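The listed protein sequences correspond, in order, to chains A and B.
Heads up, the first sequence stops at 489 in the working numbering, and the numbers go up one at a time, no gaps.
Heads up, the second sequence stops at 1197 in the working numbering, and the numbers go up one at a time, no gaps.
The hints are simulated quantities; they were obtained by calculation from the structure and are not laboratory data.
Please note: incorrect hints may appear among the correct ones.
Computed spacing ranges between beta-carbons, pair by pair [as the list claims (entries may be wrong)]:
(1) D56/A / G1166/B: 43 to 49 Å
(2) Q47/A / E1057/B: 47 to 53 Å
(3) L1030/B / S207/A: 27 to 33 Å
(4) K89/A / P1131/B: 43 to 49 Å
(5) A254/A / S1182/B: 23 to 29 Å
(6) E1057/B / K162/A: 44 to 50 Å
(7) E1057/B / G146/A: 49 to 55 Å
(8) G253/A / L1030/B: 35 to 41 Å
(9) D1157/B / A258/A: 43 to 49 Å
(10) G95/A / R1140/B: 37 to 43 Å
(11) K322/A / L1030/B: 24 to 30 Å
With a cut-off of at most 20 Å between alpha-carbon atoms, the simulated SDA-like pairs for lysine to any residue come out as follows [what the hints assert, rightly or not]:
(12) K1107/B / T147/A
(13) K1031/B / S130/A
(14) K367/A / L467/A
(15) K1031/B / V260/A
(16) K1125/B / C1115/B
(17) K248/A / C1115/B
(18) K1191/B / V14/A
(19) K1191/B / V260/A
(20) K165/A / A270/A
(21) K1191/B / K165/A
(22) K439/A / K1125/B
(23) K1107/B / R50/A
Computed from a prediction, not measured in an experiment: that's the story for all the values here.
All residues carry an ideal CB built from backbone N, CA and C; glycine is no exception.
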Amino acid sequence: MGHTLAEKVWNAHVVRPGNGDEPDLLYIDLHLVHEVTSPQAFDGLRQAGRPVRRTDLTVATEDHNVPTTDIELPIADPVSRTQVETLRKNCAEFGVPIYQMGHDEQGIVHVIGPQLGLTQPGMTVVCGDSHTSTHGAFGAMAFGIGTSEVEHVLATQTLPLKPFKTMAINVSGSLRPGVTAKDIILAVIAKIGTGGGQGYVLEYRGSAIEELSMEARMTICNMSIEAGARAGLIAPDETTFAYLKGRKHAPQGADWDAAVAAWRELRTDADATFDREVDLDADTLTPFVTWGTNPGQGLPLSETVPDPERIADENERTAAEKALSYMDLQPGTRLRDIAVDTVFLGSCTNGRIEDLRAAADVLRGHKVAKGVRMLVVPGSMRVRQAAESEGLDKVFTEAGAEWRSAGCSMCLGMNPDQLKPGERSASTSNRNFEGRQGKGGRTHLVSPLVAAATAVRGTLSSPEDLLAGPSTSTEDLLAGSSTSTEDLV
Amino acid sequence: MEPFTTHTGVGVPLRRSNVDTDQIIPAVYLKRVSKTGFEDGLFAAWRTDEHFVLNQEPYRAGSVLVAGPDFGTGSSREHAVWALANYGFRAVISSRFADIFRGNAGKQGLLAAQCEQHDVEQLWKLLEAEPGTEVTVDLRERLVTAKEFTAPFHIDDYTRWRLLEGLDDIALTLRHAEAIDSFEAGRPVWKPVTTLA
Ligand code: SF4
């Protein structure tokens, strides 16, 4: 019987097969390190007198804590500063390459790996961060690990692990204009639930996936973890190879040809079986937004806030009640009527150049609505440079948005970029948990297109709302809402 | 990691069930950048109460904690084990441990010894009647003794073996260093490195 892509990558990295209760010992090709989950791992090495086995397969950057303004000044928050300084000291002591704040290659760990060409098909990639699944977009087996596992990989370049189960997410058809990869993944999570992927590695496949750019594929794989999965991946193809070719760490010359030949083998065999399969039709998808406090609580933008009373499952009903009370929303409110005061464009989910381009295209010629603050935070310094060379920064600042330096920023509010209690955001990030973007802050997860349109109108909106006006939007008509739309504009 | 064969130390009766990891070490203590020094966060909320058992002599210097059922529930934070070990505990006795806590403890050299609840109750009485009583936890024999009290405890064979040998996860993996070396020798040359030539 044939193998799935995930099984092929796994099998190619088994150093020593386990038996019975004993896990496989898996080789790790690339270990990405950042300041939050690494200090104790380095400390553990120090205590045990162990070196880093492969500094040349390890790379560090500063992202979670870094400020996105005044980056040439010392970090004001003492805890953040200590973490960043500790990372620098540890990297110097153990010989690990690091991209510090201010370096051209600095950025969110999951943005810089692919951008440097370090993430390649068929690799195993780990990082002490759950969104490591991002790198699966290249057909790599990429997953987040805890601090003691970080220490384990630093010391041995391996991890003892039991194989994951496999799930196929078949996305047929093609995305319609205005609908993006973010909408696919939000729809997937709403469908299988935040625990639906538990224990699985998801393989996204089908025509709609094949048509996506690498940036869009990364957006999808990035959020696999929000469905509870260990990892998510997509078979590499011409789009993947074209993205990689010529990047700093990509193979060159004859090596390139050898690599591509090997990468072409990385497909799920026709006779392979998955432990589970889920189907989705891209043709029918419309922009998705979340209304609750987990990424599975999402609906098409044309819908209304759900009524918990009508949810059959008791756990889900209670969760929905709690979420609506935290979000301060009433059942039946049209999602398009929800007003925000903050729009955040950025994160490892949607902080790449393509995301900024898409948002800028919507914003061009418009202004950010009164009373709305829009933060644009590029995922890396390279993304920032690229955007500036295309003049996107001007589009954002002329519209009234703030143009920042690279980092995680408001995705998790470890730096000063936070929501205040009661503030509401439309955010292109990946988690709408209570307090994630700041204590008491309320988060609606959206695509970059919806983020930009929302910034202009001040209420959750899609780009077509800007073109046609609310009353002629087909989605509004389909929604059959009785609420007048006049008060929206 | 130090091998654990047998340990004798002052027993500390903690008459509480469902001691979760937030009680063992509250989240505010997690911002540290080292793996040591977590003893000051151990049971931080309870230690503000002067009657709390660890605030009293001779329990203060205890190294064997005798707790109620469902010890170590809640978040998976490894800091809970670090805090107990940093404080000086070598063993925790309870009639039921949370799975993740038990796993984390085994990896850090802290013995999680599972006894019957009636044995725990007897130990509590003994330790309260005669504060400072030493408890011996013998991992080879899987026995807890204190004065005339003797009771068996349960621990799975694999964790027991690792503790006896003093093998942390990394040491275990490094036993296969040759396999890792030969795997590395066979990796394709075009796989990327993070350093630039
Ligand atoms: S951008 Fe957000 S999700 Fe991504 S690595 Fe940073 S904090 Fe984590």
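Going down the list of hints, with the structure as the test:
1. The given range of 43 to 49 Å is broken by D56/A and G1166/B, whose C-beta atoms sit roughly 31 Å from each other.
2. The hint said 47 to 53 Å for the Cβ distance between Q47/A and E1057/B, and at roughly 31 Å that hint is violated.
3. Taken as a hint, the range 27 to 33 Å is violated for the pair L1030/B and S207/A, whose Cβ atoms sit roughly 46 Å apart.
4. Taken as a hint, the range 43 to 49 Å holds for the pair K89/A and P1131/B, whose Cβ atoms sit roughly 45 Å apart.
5. Take A254/A and S1182/B: their Cβ atoms lie about 25 Å apart, and the range 23 to 29 Å holds.
6. Range check, E1057/B to K162/A: Cβ separation about 47 Å, and the 44 to 50 Å hint holds.
7. Remark: the range hint 49 to 55 Å for E1057/B to G146/A is contradicted by a beta-carbon distance near 38 Å.
8. Look at G253/A against L1030/B: about 48 Å separates their beta carbons, and that is not inside 35 to 41 Å.
9. Checked against the hint of 43 to 49 Å, the pair D1157/B and A258/A passes, with Cβ atoms roughly 47 Å apart.
10. A beta carbon spacing of about 42 Å between G95/A and R1140/B agrees with the range 37 to 43 Å that was offered as a hint.
11. Look at K322/A against L1030/B: about 25 Å separates their beta carbons, and that is inside 24 to 30 Å.
12. In summary, the hint linking K1107/B to T147/A is supported, as the alpha carbons are separated by about 13 Å, within the 20 Å threshold.
13. Among the hinted pairs, K1031/B with S130/A is consistent with the structure: their alpha-carbon atoms are about 19 Å apart, no more than 20 Å.
14. Proposed proximity of K367/A and L467/A is supported: the alpha carbons are some 14 Å apart, at most 20 Å.
15. At most 20 Å may separate the alpha-carbon atoms for a hinted pair to count; K1031/B and V260/A exceed this at roughly 44 Å.
16. Between K1125/B and C1115/B, the direct Cα distance comes to roughly 15 Å. Compliance with the 20 Å bound is thereby established for this hinted pair.
17. With a CA separation close to 58 Å, the supplied pair K248/A and C1115/B exceeds the 20 Å bound.
18. Taken as a hint, the K1191/B and V14/A pair is honoured in the structure, with Cα atoms around 16 Å apart against an allowance of 20 Å.
19. Proximity of K1191/B to V260/A is assessed by CA-CA distance (about 12 Å); at most 20 Å being required, the pair is judged to hold.
20. As the CA atoms of K165/A and A270/A are separated by approximately 18 Å, the hinted pair is consistent with the 20 Å bound.
21. Pair hint K1191/B plus K165/A does not hold up; C-alpha atoms about 26 Å apart against a cutoff of 20 Å.
22. Only pairs whose Cα atoms come within 20 Å are accepted, and K439/A paired with K1125/B is rejected, the gap being roughly 45 Å.
23. With a C-alpha separation of about 17 Å, the suggested pairing of K1107/B with R50/A holds against the 20 Å cut-off.
Violation of the numbered hints given earlier is confined to hints 1, 2, 3, 7, 8, 15, 17, 21, 22; the remaining hints are satisfied by the structure.
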